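Asker: Chain order of the listed sequences is A and B.
Going by my numbering, the first sequence opens with residue 33, and the numbers climb by one from there.
Going by my numbering, the second sequence opens with residue 84, and the numbers climb by one from there.
Hints were generated in silico from the structure; no laboratory data involved.
The reader is advised that the hints may include incorrect statements.
[Stated by the list, open to error] Okay, the calculated bits of chain A under chain B, using three or more residues with CB under 8 Å as the criterion:
id	segment
1	195-207
2	277-285
[What the hints assert, rightly or not] Label pairs and their calculated CB-CB ranges:
id	chain 1	residue 1	chain 2	residue 2	range
3	B	ILE189	A	ARG159	26 to 36 Å
4	A	ARG152	B	SER375	48 to 58 Å
5	B	VAL162	A	LEU165	57 to 67 Å
6	B	SER226	A	ALA60	52 to 62 Å
7	A	LEU66	B	ALA274	19 to 29 Å
Being a predicted model, the structure only gives us computed values, none of them experimental.
Ideal placement from N, C-alpha and C gives every residue a C-beta, glycine not left out.
Listed below are the residues making up each chain.
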Amino acid sequence: MSNNHSKGKKTVLVSTRKFWWRFKKNRAAVGGLLITIAFALMALSASVISPFDPFNMNFLEVFHPPSPSHLMGTDRFGRDILSRIFWGTRISLLIGFASAGIATLVGVPVGSISGYFGGRVDEVIMRGVDVFLVIPTFFLILLIVSIFGGSVWNVMAVIGLTSWPSTARLMRAEFLSFKEQDFVEAARSVGVGEFRIILREIMPNAIFAAIVNASMQVAGAIMTESSLSFLGLGDPNSISWGFMLRDALESSRIAPWNAIFPGLMITLVVVSFNLLGDGLNDALNPHLKEK
Amino acid sequence: MALLSVDNLKTYFYTSRGIVKAVDGVTFEIDRGKVLGVVGESASGKSVTAHSIMRLVPDPPGKIVGGQILLGTTNLLSVDEAEMRKIRGSRIAMSFQDPMTYLNPIVRVGDQIAEALIIHEGLDKTSARKAAVEAMQMVQIPSAEEREYDYPHQLSGGMRQRILLAIALSCRPELLIADEPTTALDVIVQASILELLKDLRNRLSSSIMLITHDLGIVAELADDVCIMYAGKVMERASVDLVYSSPGHPYTRSLLESLPSLEAEQTKLKSIEGDVPDAISPPSGCRFHPRCSYAADSCKEAIPSLEEVERGHWVACIRYDQLDAKEA
Chain A
33 MSNNHSKGKK TVLVSTRKFW WRFKKNRAAV GGLLITIAFA LMALSASVIS
83 PFDPFNMNFL EVFHPPSPSH LMGTDRFGRD ILSRIFWGTR ISLLIGFASA
133 GIATLVGVPV GSISGYFGGR VDEVIMRGVD VFLVIPTFFL ILLIVSIFGG
183 SVWNVMAVIG LTSWPSTARL MRAEFLSFKE QDFVEAARSV GVGEFRIILR
233 EIMPNAIFAA IVNASMQVAG AIMTESSLSF LGLGDPNSIS WGFMLRDALE
283 SSRIAPWNAI FPGLMITLVV VSFNLLGDGL NDALNPHLKE K
Chain B
84 MALLSVDNLK TYFYTSRGIV KAVDGVTFEI DRGKVLGVVG ESASGKSVTA
134 HSIMRLVPDP PGKIVGGQIL LGTTNLLSVD EAEMRKIRGS RIAMSFQDPM
184 TYLNPIVRVG DQIAEALIIH EGLDKTSARK AAVEAMQMVQ IPSAEEREYD
234 YPHQLSGGMR QRILLAIALS CRPELLIADE PTTALDVIVQ ASILELLKDL
284 RNRLSSSIML ITHDLGIVAE LADDVCIMYA GKVMERASVD LVYSSPGHPY
334 TRSLLESLPS LEAEQTKLKS IEGDVPDAIS PPSGCRFHPR CSYAADSCKE
384 AIPSLEEVER GHWVACIRYD QLDAKEA
């Protein structure tokens, strides 16, 4: 015991270490984290590590199978698939993180207020959330994107703004249970005001659920973006894995590598974010913490 | 003059099964610098009384339906919520029974103590933390400068109870409501917390409302005692009077149920029966079904709190006949 306290501030490290120790026990989650980091590095250094210009067409090298010079082969315009995969990581991660971020930024405050205050406030907010939840989200996204166009920013905003209701629901549930906790009453008994209780007493306890949820939402958003691009509604000027899949559709018999690699990447990134979220849940969720 | 005077307080809970009269006409006073022990079984209304004073009764279903609570000259039942928030923590503070659940598990204890200081004294973070360490020293936490960075789970039960007291006392409230401060602790830690409360009583000028079901603690700490049963005050007097000449049959049974060092006892006495159903309490005196002195008149007449001698209030219609029967 006393060793931990030799210097007061060390206790921060102790709890961070504890988190890491719990996270590490989940092998799959560590794998997910490593793959996520790899994708992030790919996205950041796409311009450096890509062997070719991803837009550069070369009609002498159309549909080349994977070879030492083109590790993942070329597509119907002779563009290097590996380079396009690297560049595609940017769009996928950008849209994934941005839409999960938007969903969290909207959903967390809405859900918190709804759960904490309850009563009529909760009633009104939750009926609004229900309206969002009963609309088939993907078709709503399809509709909006086909009206307003499929630029990266539109796609991001639309995915983010259609996925916040689930975040709000989650936070509401967290707040509903935390607001009944004794320590909230204790805070009230020293005169802490409502918003301070929300932000300083309950939020630090409830935010873990939102973090875990956000990680899952990144995976969901990447899937949605790929689906939109696959249907031809994505941003035509950007390189997206979904778009590459669509391109590969007609030629999938003669040049299957055109479809295999983007498909593999989508699967990999979605699985890894889900594993990561799962691991975060195990390590952060206070309900699962062992004594 | 009394610091806190509670007059005919009624706090009811409106449930689907009916109205629970948790506190039904409670009257008492606490003088400045004095300790009032509020004693009663579970469900006797002691905690609800405390929450009513703090105005923290959950509404719905609870509601303070009548009475008056005066803190100094402030009528606590007529101030608005914003004003009440300023009073909580600075003029009245409360410490709680279970030191684990009443601390935020993922906020450092130093920050939890500093919270009240930031709100009420307008201190910035650095000076609030300094004051928090002082509050921790006041409740005798060893090496407080290091402990302030701890999370609740790193501290023992006794230390956590001290932290709760430090939070409550950080702004030097005029009244501390200590809700069963020793119940969740083992005997040895109980003793040290008691010593601490005694020490604080002597050093601070705060009054303490000590809620407990432990008559031993009351004897050690309190100046006055208020015995509650089923939402009503049964007896109210100084500690000496209550222990030397208990007036109410309920008080007598409570005292008789204590183990004695002198007399040889093989079995402890207990009070037969259970605390009555709060929704449909017994008619007349609420204690009559369990009272060994009860007569037929007890089933009808509702006894009021009468001053039987100076400073000694008893709510029993048969008070005059009690000793005659025994003799």
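Asker: Should the hint that VAL162(B) and LEU165(A) are 57 to 67 Å apart at their CB atoms be regarded as holding?
Answerer: 42 Å, violated
Asker: Quick check: does the Cβ-Cβ distance between LEU66(A) and ALA274(B) fall within 19 to 29 Å?
Answerer: 54 Å, violated
Asker: Looking only at beta-carbon atoms, does the pair ILE189(B), ARG159(A) fall within the given range of 26 to 36 Å?
Answerer: Check passed, 32 Å falls within 26 to 36 Å.
Asker: Within the assertion that chain B covers the segment 277-285 of chain A, do at least three residues meet a Cβ-to-Cβ distance smaller than 8 Å?
Answerer: violated (count 0)
Asker: Okay, the segment 195-207 of chain A and chain B, do three or more residues pass the C-beta test at under 8 Å?
Answerer: violated (count 0)
Asker: Holds or violated: the 52 to 62 Å window for the beta-carbon distance between SER226(B) and ALA60(A)?
Answerer: Taking Cβ atoms as reference, SER226(B) and ALA60(A) lie about 42 Å apart, which means the hint is violated.
Asker: May I ask you to test the hint 48 to 58 Å on the CB atoms belonging to ARG152(A) and SER375(B)?
Answerer: 52 Å, holds
In the structure shown, a violation is registered for the earlier hints numbered 1, 2, 5, 6, 7, in ascending order.
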